[in-house]
Amino acid sequence: MNAWRQLPVPAALRGWVDGIDLPSHRGGDSCPIIHVPDPATTLVWRVRADGDAAVLAAGPRTHATYYDAKDIPRCVRFRLAPGAARALLGMSVDEITDRVVPLDELWGPLDPRRVGRLTAALSARVEATSRRDRSTAHLVRRASIALGRSRVPEVAREVGVSERHLRNVFTRTVGLPPQQFVRINRVRAVLPRLRRDSWAGLAGSVGFYDQSHMISQFRAVMHVTPSAFAAGRLPTVAC
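Residue numbers (this note's numbering): 54 to 292.
It is worth saying that the hints were derived from the structure and are not from the lab.
Glycine included, C-beta positions come from ideal geometry on N, C-alpha and C.
Among these hints, one or two may not hold up.
[As the list claims (entries may be wrong)] Simulated restraints on C-beta separations: (1) Leu75 with Ala284: 23 to 31 Å; (2) His191 with Ala284: 36 to 44 Å; (3) Pro162 with Thr182: 18 to 26 Å; (4) Leu75 with Val214: 34 to 42 Å; (5) Ser258 with Gly285: 21 to 29 Å.
The whole structure should be built from the sequences, with the hints applied where relevant.
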């Protein structure tokens, strides 16, 4: 299974970057690499065992993907906050949903050999954001939190915009419409609790109508049933 080590977010990036982590994948493991659905855009610095280095922008991931384990000895991932990606990347995020692109295609040349260059470039981007960028990012961040407890019409009223405006700005800045953002986050909330919680209680606690609704939504984005996932019966090498 994927292993992660969390790093502190520098003060200059707080509010724009939700987390920095080091995923560790080792070839020969009995488990595949699992990329679960994720509504966040991430910036990834990685160096392979053969020395090949790259800096990548990974858009929101709407479905799980599974790969055979491989060696990536050095890798750092910056998970952008809801609403931050459009201002920092300089593009509508829905253009890279379910895609991974070289970051230098968006920002120009970057030295892929040193992760510090990515941190510095990201800090400079944050510093250069406009007042409008910051206002939009703040609105979307408020909406993303409220969507965990309220429906889209109530959230639009809470943040002071129309439903249409909220849907449009959310799609441009997050890369997903609000309903899909909520659906993915619900499935992500289920994952760590599958093996220990009653499914009926779990479904209601994360916002699904009932257990059958949870199973249907889980299968749609994970490509396996919850029982198969919990048992390690995955589309690639079983755990």
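To see whether the hints hold, each was checked on the structure:
Taking 23 to 31 Å as the suggested C-beta distance range, the pair Leu75 and Ala284 conforms, at roughly 28 Å. Look at His191 against Ala284: about 42 Å separates their beta carbons, and that is inside 36 to 44 Å. The given range of 18 to 26 Å is respected by Pro162 and Thr182, whose C-beta atoms sit roughly 21 Å from each other. Between Leu75 and Val214 the beta carbon distance is about 37 Å. The supplied range of 34 to 42 Å therefore holds.
Hint check: Ser258 to Gly285, Cβ distance near 24 Å, so the stated range 21 to 29 Å holds.
Checked against the numbered hints above, the structure violates none of them.
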